[in-house]
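Let chain A serve as the given structure and place chains B and C on it in line with the hints.
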Amino acid sequence: MSTTAPQVEHQLPPWELPVTTTLVVSTALATRDFQDVHHDRDLAVQRGSKDIFLNILTTTGLVQRYVGEWAGHAALIRACELRLGAPAYPGDTLSFRGTVSEVLQVGVETRQVVDVVGSVSLGDHVTARVTVVLPAGAQA
Amino acid sequence: MSVPFSGAASVAGIGATEFSKESGRSELQLSAEATLAALTDAGLSPGDVDGLVTFTMDNTAEIALARELGMGELRFFSRISYGGGAACATLQQAAMAVATGMADVVVCYRGFNERSGQRFGQVQNWAAGQSNTNGLDNAWSYPSGLSTPAATVAMQARRYMHEYGATSRDFGAVAVADRRHASTNPAAWFHGKPITIEDHQSSRMIADPLRLLDCCQESDGAVAIVVTSTERARDLAAGAVPVLAAAQGSARDQFVMTSYYRDDIGIPEMGVVGRQLWAQSGLGPADIDTAVLYDHFTPYVLMQLEELGFCGPGEAPGFVADGAIELGGRLPVNTHGGQLGEAYIHGMNGINEAVRQLRGTSVNQVEGAAHVVVTAGTGVPTSGLVLGRDG
Amino acid sequence: MSDTHDWIMEQASLLRDRGETTPRPARDPVNQPQVHTWLEAIGDPNPVYRDTPEATEVHGGPVAPPAMAQVWTMYGLDPHRPADDPLHSMMQVMDEAGFTSVLGTNCDQTYDRYLRPGDHVTVTTRLESVVGPKRTGVGEGYFVTTRSTWRVGDEQVATMLFRVLKYKPGPRSSGPDPSSTVRPARNRDSEFFWEGTAVGELRIQRCNGCGALRHPPGPMCPHCHATDQGHVVSPGRGHVYSYVTHHAPQVPGKQLPLLLAVVELDEGVRMIGELRDGTGSRLEPLSGPDSGAVEIGTPVEVGFERIDDDLTLAVWRVVDGGSA
Chain A
1 MSTTAPQVEH QLPPWELPVT TTLVVSTALA TRDFQDVHHD RDLAVQRGSK
51 DIFLNILTTT GLVQRYVGEW AGHAALIRAC ELRLGAPAYP GDTLSFRGTV
101 SEVLQVGVET RQVVDVVGSV SLGDHVTARV TVVLPAGAQA
Chain B
141 MSVPFSGAAS VAGIGATEFS KESGRSELQL SAEATLAALT DAGLSPGDVD
191 GLVTFTMDNT AEIALARELG MGELRFFSRI SYGGGAACAT LQQAAMAVAT
241 GMADVVVCYR GFNERSGQRF GQVQNWAAGQ SNTNGLDNAW SYPSGLSTPA
291 ATVAMQARRY MHEYGATSRD FGAVAVADRR HASTNPAAWF HGKPITIEDH
341 QSSRMIADPL RLLDCCQESD GAVAIVVTST ERARDLAAGA VPVLAAAQGS
391 ARDQFVMTSY YRDDIGIPEM GVVGRQLWAQ SGLGPADIDT AVLYDHFTPY
441 VLMQLEELGF CGPGEAPGFV ADGAIELGGR LPVNTHGGQL GEAYIHGMNG
491 INEAVRQLRG TSVNQVEGAA HVVVTAGTGV PTSGLVLGRD G
Chain C
532 MSDTHDWIME QASLLRDRGE TTPRPARDPV NQPQVHTWLE AIGDPNPVYR
582 DTPEATEVHG GPVAPPAMAQ VWTMYGLDPH RPADDPLHSM MQVMDEAGFT
632 SVLGTNCDQT YDRYLRPGDH VTVTTRLESV VGPKRTGVGE GYFVTTRSTW
682 RVGDEQVATM LFRVLKYKPG PRSSGPDPSS TVRPARNRDS EFFWEGTAVG
732 ELRIQRCNGC GALRHPPGPM CPHCHATDQG HVVSPGRGHV YSYVTHHAPQ
782 VPGKQLPLLL AVVELDEGVR MIGELRDGTG SRLEPLSGPD SGAVEIGTPV
832 EVGFERIDDD LTLAVWRVVD GGSA
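Residue numbers (our numbering), protein chains in the order written: chain A, 1 to 140; chain B, 141 to 531; chain C, 532 to 855.
For reference, chain A alone in the conformation it holds in the complex:
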């Protein structure tokens, strides 16, 4: 393993993302998820929700953007495991933190396992484990 590769317990820089109605709706449409609870506030409230909320596919995309920005453009994402928790509603802030929890050697690949927690005011919105391959000698 290259000496500059991240070590276990390496912390990713935190990232805070304001959750807006525009974010929720634009990502719902970009992910082609037309369930009403992601774009129609009246129906979401009627279904017992406080407001519209972020869809799962977007959470996947945001987690991978977070890890990707840290890992650099040449990194490859191999796997992404998500455990979902509190909903992310407009007006809240989604705060991401990440830690390299494991370094695995799979064949010729050195895989970094990054544990990510994205929290909102209600608690953890997502707990994720992303497996990413960094190019040899990468700085991160």
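It is possible that part of the hints are untrue.
Think about it this way: if two alpha-carbon atoms lie no more than 30 Å apart in a straight line, the pair counts; the simulated DSBU-like pairs of lysine-lysine are [said to hold, decoys possible]:
1. K333(B) to K699(C)
2. K699(C) to K161(B)
3. K333(B) to K665(C)
4. K50(A) to K665(C)
5. K333(B) to K161(B)
6. K699(C) to K665(C)
7. K699(C) to K50(A)
Worth flagging that the hints you see were computed from the coordinates, not collected in a lab.
Chains B and C only, in chain A's frame:
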């Protein structure tokens, strides 16, 4: 000072089932399998057994176990109360019976489907409904909603933090050590799954200040331990691991999990145990190579280190820092992974690990381990052991 | 187990036995405009997803974000589902059984390779498991797990394990039922205490022999061994000696999170009880030991919560301005 009891009896065999979340078989079968394994380890057969000891809480009667294994006549049976506080006391009973000639070969056993069957971590309505003094004691906590083990421990943990400036990260050091040890133990539920302090800090709150990773898992499984005279054990298949000390303890104004009414709401009952262990064995904390400290909840491991004299009151956070209780540290604790990492078998699996350390067969062997201290359930009247290497 | 459970498991077993669905092609091939829409919405700046020198250097041309694998085969606005869609079928079974609410709990994806514009993916799905009933924080339900595989031709390119909780909204939405509060065991030694709370009195046992106060009470004074026991009525003032915020598991009759304290009374004895705000309402969850609402030493005074004719509990109200 040592008394004639010290070293008279030995562990001659240990056995266990696999540890799981759903054993798929009855509690009686689990205990029968573990007992058979322990006897096989010792090179004995069920017909050699004449004494059985278990927990008051165990659902398997001694006679039922004896029937399954085709045991013959029994002449000693005994049960110990107070949940996990019974663990080391079962060996104390067995060793006393052997030392006094009341029995020759005693098996201590504990088996349950604690995860797939009745889970202790949930609210135990029956505990408040008992028509005895324990039920009356619980009347002062359960109706208000203080009714799970985690919450009762959290109440003490918060006070401990207040008095000594301990933090959640200090509790986390115990979880990290346990899970590191479990990660290299193929028998552990969390084999191959170490955690970091950040994992601990980001795990969800169960009973603030206790997080999920401060609480042990719930498990199905059984453990059995064969005790006989040291003299006889030396001639058996696995040799002797002498019981150098064995003690029970309850402190002033003691309750089960809610000893909140005395000056010190910590666990002085473990101090009662510790003082006896050192007196019986003639040893002290400095002589101990590795410890198995009951860890259903992390804060109690810190309090035990203090009660047993490994450090002074309030000094445990410093004592456990920087990997000091991990393999290679000054006092490796719970090298099997503890109940947080291996399994929660009411403390009995920890006794097996102490025996493996002294035989030199642990997967996380402490080089040259000669003296191991083991403790039982905390927050309740409890017990402890010092086991030694023979010769 | 109940008939409903048996029926659910039977249906699950039938759906599981069907195995993989027939491959369903994406509406469109992987294409740059849809990738651009995703990148704009998610805000992902990675140049390899665009026609850039970096994309050429790393992948020999632009690729799609791996998380988009599922996007290509989303159903879109068309409400029709193929008859063999196992998730949809299982959701209908659960709805029929009364488990009408749904919550995504897990989504685990793996990526064999990054997709390029022009790749035309298909997806197959099978029902992996239905596990339950489980009591959860939101109510009783079943975890339904499906596994999907995306392919280009015969080549597997991505997989997904997707798990939802299909549940009956439970106590959280309807509120806890106070009548399910755990009842205290009582006998002649403790009855005076519960008779006291029922009439709004906080009674502390007092030894008629030596005058010592004691809680919890008992029949014999540990100091003088007198068995003649009386009580005093306490004004019910004290401070928080320790406290805990109980989040899990559920507690009969209580709404979580639940704030509980050991209170040290001015008389010197300690009692356990729920902490309330100054008006006697539930305290909102504390975020941590330094939240400021309650801490060790916070002054409190007693209040009474009548559960029913048989039980009234002492609760502890934070005295206004007390936490300074």
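Cross-check of the supplied hints:
1. Proximity of K333(B) to K699(C) is assessed by CA-CA distance (about 34 Å); at most 30 Å being required, the pair is judged violated.
2. Restraint check for K699(C) and K161(B): satisfied, since their Cα atoms lie roughly 25 Å apart, inside the 30 Å limit.
3. Among the hinted pairs, K333(B) with K665(C) is consistent with the structure: their alpha-carbon atoms are about 25 Å apart, no more than 30 Å.
4. Restraint check for K50(A) and K665(C): the C-alpha separation of about 25 Å stays at or below 30 Å, so the hint holds.
5. Annotation: proposed proximity of K333(B) to K161(B) holds, straight-line Cα distance about 16 Å (limit 30 Å).
6. Proposed proximity of K699(C) and K665(C) is supported: the alpha carbons are some 11 Å apart, at most 30 Å.
7. The hinted pair formed by K699(C) and K50(A) meets the criterion: a straight-line CA distance of about 18 Å does not exceed 30 Å.
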